[in-house]
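A.B. asks: So the chains spell out like this:
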Amino acid sequence: MIRLDNIVATYTTQRGQVNAVDGVTLEIPDSIVMGIAGESGCGKSTLMKVLYGDIGFPLSLSSGSVDYGLVNERGEPVTADNIRNEWFRHISYIPQSSMSSLNPVVRIRDQFVDFPATAGRKKEVLAQVRDFVQKLGLPPESIDAYPHQLSGGMRQRIMVAMATFFQPEIILADEPTTALDVVVQKSILLLLLDLQKEMGNTILLVSHDMGVHYQVTDKMLIMYAAKVVEYADTDDIFHNPLHPYTLMLTNSLPTIGDERARRGLPGSPPSLWEPQVGCRFAARCPIATDRCRQEEPPFVEYQRGHFSACHFAGDVAALKESMQAGPSLSEVVRDTSKLMSDLEADR
Amino acid sequence: MQTDKKRRWLPKLNARLAIGLTIVTILTTGSLILPFFTTVDPAAQGTYMKNLPPSQAHLLGTNALGQDIFWYLVFAVRNSLLLGVTVSIGVTIIATSLGLSAGFIGGWYERVVVVFMDTFITIPVLPVLIVLGAVVRGNTSFMVVALILIVFGWAWNARTIRSMSLSLREREFVNMARFSGAGVGAIIAREIFPFVYAFMIVGFINTILFAINTEAALAVIGLSNVVVPTLGSIIFWALNYNAILIGQPLWIIAPIVTTVVLFLGLFLTSSGYNDLSAEKRGVA
Amino acid sequence: MNTILKTQGLNKVYSLGSFPRTIKVHALDDVNLNIESDEPVIVSLVGESGSGKTTLAKVILRLVQPSSGAVTVAGHSVAGKGTRPNHTEFLRTVQPIFQNPFEAFSQHRTVDSYLRETAERVGKLPKDAAIHAVEEALAAVGMQYSDVRGKYPNQFSGGELQRASVARALIPRPQLIVADEPVSMIDASRRMIIINLFLALKEEYRTSFLYITHDLATAYYISDYIAVMNKGRIVEFGDAKQVLSRPQHEYTQLLLDSIPRLNSRWVERRNPTTG
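Protein chains in written order, with the numbering used here: chain A, 1 to 347; chain B, 1 to 284; chain C, 1 to 275.
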């Protein structure tokens, strides 16, 4: 179980300080796939950095702690302070772009064994690596190549291989398939699921694609403006959301076969440079009241395993009803000019 | 909407730029204004007693030709700067227009220009100038010297600007400008030129250095016009008359120090501006 | 019936490498499209990277010359042997929207200068009328002149800048707007604002759109017709709803199969809490 206790992560710049993650408290059970969703700037990437231990100026962990539920070689519990030492062994990271992590002038096999753990055993480890990449659908010779000689999909499989080879307990994946074609994306996601089933590790996956979350994750965390707004099993997030933002987010993009009109979320998240009062989503929320604007809703377990930060968590079902019976496509089109002036009003 | 954070005309000058500009400004205004305060031609020989030590009348003393060293130096700096700026303006105009157009237009036009560029880059400047100088032997007018320097100086900068233009023409906003109805000239001026601007300024200053330097080198070996006072000619005469041995070390030290300070000022300005424009673009 | 877009035997071949090991890549391989309609339509061109959809867009926009074949837009010949259309007329017929709005505008120029330039040079309007045209176009995308006056690209968000880009494309009242991945760089929750905008503009401005994307879901949402491309060829073309609900070609089926849907799962998921 990974325990996050009141994490506050701060960026320090010339302009001042801003909390990109502002008080996150969670428990993540073992051996599941957890998805993190939210619009850009919500803090999901920063949270991943904190969890990975990739904290360095200008990012700092102002307060809070992480307990990974692991014990390192010296028998000490692993926390945010020493998680760095466990990179690739107990925790690993799959980035969005493989080319930003692979050295373009070094063969893949040399990058694979470039760890102190493998010193003196390079030949042995390489033989194991060759076997391992075959399991991932790559020819064993692929590790002898230079990164640019492989296709994007193959390179991303290599990243998955590197991240899973030492069988870490925790894998963090930040938009691992966003840059890939949809056909390749499916194969990589299925691969990750296979490996997860076999190794029993915990995967934390950031993606903007709700479809990916639905297909791959067991639990989901929704973030907004540096705060967590909902946390539940994936089915609940999609079918029984307890926060208006979650509902709007999951409905913001169309799906094939569904004739309902979709509306993007107008407006934008509040600027975190200014002090925040009340619920941060209130400005864009269709059911917001004065209480919402003044009083920040607590992150509370409304149903077993289902957390939400909304004063009106119970009313979201009614909101969903009204969205189901929503306008037809032609009404949305005719309403577009009204939508445009709504956008004006938001400003 | 994000707040306005661009476009301030007099930005915070960094240390280098401030020092460089100060030096250059002092030397430039000094050399331009002071000549109005004397009616004596500093190049005229025998005006004063020879080899006088520094005094109130002669701030740096006089030399073996009976000239006041200080006033000769002032005129020398002025003339060297004038030469440098003239050459630089000529070089910058030619390099920028040829470089931008060749890179953007391409085709046979570019190929012809590139042949010219590469030819002039590979021709070594100094040997050619020495030969030319030997032929005309100190009788060249100042303008001819400037012209020669322009002809040999434009190619380097043109080459760099051409490759900048080449990569810029692939950018999406160039297509956008095309679809907004802009013609080739408008695209070069409004889309591509702003990116080249910073390099052009740096190139301008460096060319001043190049021009003064080369002229001085020629003058020192007696191949430029040594009658007109320039930094090079003053050093030439001082060497010829063995300034140090005859007890007039200031005659040679003063111009050398002035030259070094001037070059330092120009270099600091160029380098400081480079840093500043990099900071503005956010890549410092 | 008006010909909105027609391509005949369109080919684009690139030679890679150098002698003697040159490889020929068919970015476009015998592309034949014929879209005729009296009403404005939205046609989606869907495919993965390398399918040729961006090359086709560039040929239509005259940014790339085809190796052979011809293209006609709204009756004007646009590409093909010996075609030299009148430049201004062309710009009034076809206009682009590019993928990355921050690349589409130069950081050294204000955003409104591009709009004004389009009105003055392509619309051939005098100064006052040009500003009026710009205001009209901005209103169609929900913006005002004061939102863009004197502002540089980095002062906008991606969505706002892309809307300004759409406004610019509208000013000459083109018959066809070619939009190359117009929403892929915009935050997912705000994409529908632009997509719905295309629908509205189709009705109000009577402009047809060629919507190029790899995202089948948004293509399904707004298209009248869909063309599926793979390896430079059009493998399937037809009415949008038909193609995506009853695909004929196996590549289309493969694409549809690979999209992560929201109704059925590839692999059963656990519900850790509710069991």
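Honestly, the hints are just simulated from the structure, not real lab data. Any given hint might turn out to be false.
[Stated by the list, open to error] Computed list of lysine-lysine pairs in BS3-like fashion (alpha-carbon distance at most 25 Å, straight line):
(1) Lys186/A - Lys197/A
(2) Lys24/C - Lys186/A
(3) Lys202/C - Lys6/C
(4) Lys186/A - Lys202/C
(5) Lys123/A - Lys135/A
(6) Lys24/C - Lys231/C
A.B. asks: For each hint given before, does the structure comply? Return the numbers of the non-compliant ones in rising order.
C.D. replies: 2 and 4
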